[in-house]
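Residues per chain are reported as follows:
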Amino acid sequence: MLAIVAGVTLIAVAAALVLNAFQGNVVFFFSPSQIAAKEAPLDRTFRVGGMVESGSLKRRADGLTVEFIVTDTAKSIPVVYTGILPDLFKEGKGVVAQGKLGPDGAFHASEVLAKHDENYMPPEAAHALSKAEADKAAKSVVPPGGNR
Amino acid sequence: MLQAYAFIVRRELRLALRRKGDVLNVLVFFIVVASLFPLGVGPEPGQLRAMAAGVVWIAALLAAVLSLPRLFAADHADGTLEQMLVSPQPLLVIVLSKASAHWLLTGLPLALTAPLIGLQYDLPTDALGVLLASLLIGTPVLSLLGSAGAALTLGVHGGGALLGLLVLPLFVPVLVFGAGAVTSTLIGINPSAHLSLLGAFLAVSSLIGPWAACAALRVALD
Amino acid sequence: MLETTALACERGGMRLFSDLGVALQAGGLLRVRGNNGSGKTTLLRTLAGLTRPAAGSVRWRGEPIGDDFRREMLFLGHAAAVKDEMTVSENLEFSSRISCLDVAESKIRDALECLGIVRLADLPARYLSQGQRKRAALARLALSASVPLWLLDEPFSALDDEAIARVSALCAAHLAAGGMVVLTSHQDIPIAAADARAIEMRG
Amino acid sequence: MASRLLQFATPQAFFPLAGKLVPWFSVLAGALALAGLYVAFLVAPTDHQQGESYRIIFIHVPAAWMSMFLYVVMAGWAGLGLALNTRLSGMMSSAIAPTGAMFTFVALWSGALWGRPTWGAYWVWDARLTSELVLLFLYLGFIALKSAIPDPVRADRAGAILALVGVVNVPIIYFSVQWWNTLHQGASVSLTRAPSMAAAMLLGMLLMALAAWMYSIATALSRVRSIILERERDAEWVRMQRSAA
Numbered sequence: 001m002l003a004i005v006a007g008v009t010l011i012a013v014a015a016a017l018v019l020n021a022f023q024g025n026v027v028f029f030f031s032p033s034q035i036a037a038k039e040a041p042l043d044r045t046f047r048v049g050g051m052v053e054s055g056s057l058k059r060r061a062d063g064l065t066v067e068f069i070v071t072d073t074a075k076s077i078p079v080v081y082t083g084i085l086p087d088l089f090k091e092g093k094g095v096v097a098q099g100k101l102g103p104d105g106a107f108h109a110s111e112v113l114a115k116h117d118e119n120y121m122p123p124e125a126a127h128a129l130s131k132a133e134a135d136k137a138a139k140s141v142v143p144p145g146g147n148r
Numbered sequence: 001m002l003q004a005y006a007f008i009v010r011r012e013l014r015l016a017l018r019r020k021g022d023v024l025n026v027l028v029f030f031i032v033v034a035s036l037f038p039l040g041v042g043p044e045p046g047q048l049r050a051m052a053a054g055v056v057w058i059a060a061l062l063a064a065v066l067s068l069p070r071l072f073a074a075d076h077a078d079g080t081l082e083q084m085l086v087s088p089q090p091l092l093v094i095v096l097s098k099a100s101a102h103w104l105l106t107g108l109p110l111a112l113t114a115p116l117i118g119l120q121y122d123l124p125t126d127a128l129g130v131l132l133a134s135l136l137i138g139t140p141v142l143s144l145l146g147s148a149g150a151a152l153t154l155g156v157h158g159g160g161a162l163l164g165l166l167v168l169p170l171f172v173p174v175l176v177f178g179a180g181a182v183t184s185t186l187i188g189i190n191p192s193a194h195l196s197l198l199g200a201f202l203a204v205s206s207l208i209g210p211w212a213a214c215a216a217l218r219v220a221l222d
Numbered sequence: 001m002l003e004t005t006a007l008a009c010e011r012g013g014m015r016l017f018s019d020l021g022v023a024l025q026a027g028g029l030l031r032v033r034g035n036n037g038s039g040k041t042t043l044l045r046t047l048a049g050l051t052r053p054a055a056g057s058v059r060w061r062g063e064p065i066g067d068d069f070r071r072e073m074l075f076l077g078h079a080a081a082v083k084d085e086m087t088v089s090e091n092l093e094f095s096s097r098i099s100c101l102d103v104a105e106s107k108i109r110d111a112l113e114c115l116g117i118v119r120l121a122d123l124p125a126r127y128l129s130q131g132q133r134k135r136a137a138l139a140r141l142a143l144s145a146s147v148p149l150w151l152l153d154e155p156f157s158a159l160d161d162e163a164i165a166r167v168s169a170l171c172a173a174h175l176a177a178g179g180m181v182v183l184t185s186h187q188d189i190p191i192a193a194a195d196a197r198a199i200e201m202r203g
Numbered sequence: 001m002a003s004r005l006l007q008f009a010t011p012q013a014f015f016p017l018a019g020k021l022v023p024w025f026s027v028l029a030g031a032l033a034l035a036g037l038y039v040a041f042l043v044a045p046t047d048h049q050q051g052e053s054y055r056i057i058f059i060h061v062p063a064a065w066m067s068m069f070l071y072v073v074m075a076g077w078a079g080l081g082l083a084l085n086t087r088l089s090g091m092m093s094s095a096i097a098p099t100g101a102m103f104t105f106v107a108l109w110s111g112a113l114w115g116r117p118t119w120g121a122y123w124v125w126d127a128r129l130t131s132e133l134v135l136l137f138l139y140l141g142f143i144a145l146k147s148a149i150p151d152p153v154r155a156d157r158a159g160a161i162l163a164l165v166g167v168v169n170v171p172i173i174y175f176s177v178q179w180w181n182t183l184h185q186g187a188s189v190s191l192t193r194a195p196s197m198a199a200a201m202l203l204g205m206l207l208m209a210l211a212a213w214m215y216s217i218a219t220a221l222s223r224v225r226s227i228i229l230e231r232e233r234d235a236e237w238v239r240m241q242r243s244a245a
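Protein chains in written order, with our numbering: chain A, 1 to 148; chain B, 1 to 222; chain C, 1 to 203; chain D, 1 to 245.
Some hints could be false.
A short list of chain B residues far from chain A (calculated; beta carbon distances all over 12 Å) [what the hints assert, rightly or not]:
{"no.": "1", "residue": "16"}
{"no.": "2", "residue": "21"}
{"no.": "3", "residue": "23"}
{"no.": "4", "residue": "24"}
{"no.": "5", "residue": "31"}
{"no.": "6", "residue": "38"}
{"no.": "7", "residue": "46"}
{"no.": "8", "residue": "58"}
{"no.": "9", "residue": "70"}
{"no.": "10", "residue": "119"}
{"no.": "11", "residue": "126"}
{"no.": "12", "residue": "164"}
{"no.": "13", "residue": "168"}
{"no.": "14", "residue": "196"}
{"no.": "15", "residue": "207"}
{"no.": "16", "residue": "218"}
Where chain D lies over chain B, by a calculated footprint (3+ residues, C-beta under 8 Å) [unchecked claim]:
{"no.": "17", "region": "151-157"}
{"no.": "18", "region": "169-179"}
{"no.": "19", "region": "210-216"}
Quick caveat, the hints were computed from the structure, so don't treat them as lab data.
Virtual Cβ for every residue (Gly too), placed ideally from N, Cα, C.
Work out the full structure, taking the sequences as your base and the hints as a guide.
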């Protein structure tokens, strides 16, 4: 009898802790709006996530440093990155960069991460979809985890 | 019930302290393994800081696996384990006190020395605090699931390596959430999510581990 | 009190015995004879609830054996169950406490005295001879008068005549007080018992 | 009905039955595999993003499904054996394990080969590949434990306990790796959840999955026959079987 009671309480505790893990402000990364609102840590590396603004990708004279703007359609933040961009990095697509806020207000990234999604479909369907995506992306973007 | 738990744990501690070597060996092994990595990977602080949590946690896992076979082997050899199984005490109490004694002798010392190693790896103080917290929550899992592994491989030829193969995959969530908690503080992410998931896994393991250990002991001594 | 119905046991896939019916009442002594490998030890371990029978059942007071049964049973196997790192009295104290027996210091010494090894009380068990280790294990009998069922596997092995006399006296006293003893042995040691029976295990 | 089924529960009665079933399932597996491969390579269209390299999905996904499904089935048989003390269930769990491990290995390799053209690396610490790797270790642990214990009865029971502990942990391991993976790999912004599979592709994958399932049953049944012979070698009916053959 005691074992059953102990078993049930343990499972309840486990479930509660898992739920707590999800409700907490699980931030994978900070959005440009949060950075503008000074929520991101200033003196420490953190991650910024958002959409790469189309047409904002510029390569500096030294050929290695790139600049682009990450936006969540509300605010945007310039990002400076020295290194090779991942082959899946594209304007208009999502990106997450890890680095620090520089004194000049730009985000100096030490690492840029991109990930392809798992959709597989014939080319024609893809064109139709991407047109729909473009309209939707313009309206609103929410990073997963829904931070407060 | 609780009284039996207390004096079995006291007996385990008394036995262990009479063979001090075993307890210290595990601790020294943990420190040596954790100190080998900078020699192998290079002293560059940024790099060390990034892998500190992983190294410390993996060293803790290996140290635990190293010390698990002794959990039941000595008592099995001299027949005292058999006496415990026929004693009026519920087998669950015996398994829990053995696992607790194992944690007090390996998990706890590892957790307390980990911050020192964290300093070697240039971890900031708040990350050291999270490292200690994650180890305090995570190492009991090593003893709980580990005791099931030790019972399964009791008296089996080649038990040590086999035990590692059995329990290390089960320790993956502990490694992921434990090390993850520390690395997330390094990139400004609140570790509470990791720590509470670690706690959830501890709760689940305190259910699965003892059940499996009891069943395995009955099978081993059948 | 203790009874088995159609009990059958296997070892390594080989059937040792089957259809074994045994019954034991208060004051009953049961000797289990048989040559090596005939299943004597397996039978005792099955009665103690350690080994799972291939068929049939073991009942104590009409109920299948479980936690309560273990409160009223003492099982001593081949192994002396004595820790080398602990002294003789520490060993006895632990084995008695784990069997929920009241363990005053004086009682421990009396039990050791009863088995003639009280002078070894504070010696780590590592230094004991095989016979002394067996005596240290059997000392528990002197504390277990209140435990009705004694299951003893080869209690007399490795013992000298003096120790054998002490152990058989303990058994006789236990039987006289209404206790029950099941023991396996190759030697025919006389033990006074009102209801003494024996079974022969054919290999 | 149950009593009729139970009479097949003894190894001796199950041995001839398994013998009759093996050819049926093998033929079924072969037919389904041919149909599946035909659909996979000749009917299914190319993919908009990955062109032809995505076709490995017809091996990778069924293998991954089978690797997890077989672990659950193995744990089920093992748990049954532990509870009912029936020898045949323990043998079935031993018979399934190697096939499950093989599918896990195939899933891993096909995942890695697929990672090469798309993510640019043979091994990618993607959540699925990593938790699949851990699943392979769980299979290997089960097989190693059962072969390390000489006494078959104890081996079955110890293996059952390990399998049950494993089956509870598999979802937890997958979840923890998923969580860890999104942090390491960096969670990219996910937009709409578009329909992810074209009809023909789905059909190809289902056919291959069914083929894999039939294959597993066929191999498990033939393997359990050899386990039964091995375990019951000194039983009367096995000796008669051998003398008659």
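If you test the structure against every hint from before, which numbers come out violated?
7, 11, 14, 15
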